[in-house]
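**Q** As they're listed, the protein sequences go chains A and B.
Each residue of the first sequence is one higher than the one before, counting from 1 in my numbering.
Each residue of the second sequence is one higher than the one before, counting from 256 in my numbering.
No wet-lab data here; the hints were simulated from the structure.
One or more of the hints may lead you astray.
Here are the computed distance ranges between Cβ atoms for each label pair [as the list claims (entries may be wrong)]:
id	chain 1	residue 1	chain 2	residue 2	range
1	B	V279	A	R160	23 to 33 Å
2	B	V279	A	T162	32 to 42 Å
3	A	P232	B	V279	40 to 50 Å
4	B	V279	A	L152	24 to 34 Å
5	A	G148	B	V279	54 to 64 Å
6	B	V279	A	Q154	23 to 33 Å
SDA-like cross-link-like pairs, simulated, lysine to any residue; straight-line CA separation at most 25 Å [what the hints assert, rightly or not]:
id	chain 1	residue 1	chain 2	residue 2
7	A	K31	A	W64
8	A	K31	A	D110
9	B	K281	A	G202
10	B	K281	A	T23
Heads up, the beta-carbon is just placed ideally off N, CA and C, and yes, glycines get one too.
Residue strings, one per chain:
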Amino acid sequence: MTGLRYVYAVCHPLGAPLQAQLTGVAGAPAKLLNHHGLIAVVSHVPEGDFAEEALHAHLEDLDWLTDTARAHQGVIDALTVVTTPLPLRLGTVFRDDSGVRVMMEEREADFRRTLDRLAGRVEWGVKVYAEAEPEKAAARPAAKAASGRDYLMQRRQQARATDDLWQKAEEFASRLHDTLSAFAEDARLHAPQNPALSGASGRNVLNAAYLVPREGSEEFVELVDRTKDDVPGLRVELTGPWAAYSFAGDTGAGA
Amino acid sequence: MTVVERREIALVDLLDRLLAGGVVIKGDITLRIADVDLVRIDLNALISSVNEQVPSPWGD
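Kindly produce the complete structure, drawing on both the sequences and the hints.
**A** In structure tokens:
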């Protein structure tokens, strides 16, 4: 009758109040559930949408997923203003408050350890895209080939130019990753993004996350910024600061 | 080369973190979000993006 409990994050008791009227994934307000000195941030969600079967069906609905992901992120963002939250994976759902409490009890030591490891840290996302220059791209029909042999030669040249770019992109990306990893406390590599989903142009050759102390963030951003002048045809994208999603999962066996 | 800082958070960046990151806890509702197939979500996105932008990449 009262619905299920969706859990966003676990954190230490807040030093400052959470923004008033913070709305969660299904429009219900997010609230704090205190258990033995740790806080679970939860909201009520309807069973019709969040019970196992329904949730699985919804997860394949991109519009629903978008709304839910943004709402989840909204709560995490608000928490990030006042604390360093330990974010949970999207769609962590319990029957009721007591289910959440049991979980908190079981995982308490784990949570405390991870909260300590992440305290005062944020995550920055860095992506590198390689964009074949239009005039070199294979799609362009070359100046009329006089013969089959010319045609093949032109094709080969185009292929070579593209290969060169990919190779340069790979080298650049791994150099950048080394530099940033050396600065950051920890790093994770995400799978390259699908351009259909990202809408970004070019091939995604690096999709990484870096764990950086808040006070080191400015320097980290400058470090990324300094890569500007390097290779033509490459684009670097920076996102963040994020709550440390990519570093919440395991106990810090570095990437 | 340019470094772009995007203002609005892209859905993909969010999904990288919300579906592949975060603490995995098995709720008492037996959810297995850990198993959510990102490839399948990618595929759905591909299908919907093809539907939206009418000239499909392999259409002409």
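**Q** Compare the structure with each hint and give your call.
**A** Hints, one by one, checked against the model:
1. B:V279 - A:R160: 23 to 33 Å: violated (45 Å)
2. B:V279 - A:T162: 32 to 42 Å: This hint holds: roughly 39 Å between Cβ atoms.
3. A:P232 - B:V279: 40 to 50 Å: Hint holds: Cβ distance 41 Å, inside 40 to 50 Å.
4. B:V279 - A:L152: 24 to 34 Å: violated (52 Å)
5. A:G148 - B:V279: 54 to 64 Å: holds (57 Å)
6. B:V279 - A:Q154: 23 to 33 Å: violated (51 Å)
7. A:K31 - A:W64: holds (22 Å)
8. A:K31 - A:D110: holds (22 Å)
9. B:K281 - A:G202: violated (37 Å)
10. B:K281 - A:T23: At roughly 24 Å apart (the allowed maximum being 25 Å), T23 of chain A and K281 of chain B satisfy the hint.
When each numbered hint is compared with the structure, violations occur for hints 1, 4, 6 and 9.
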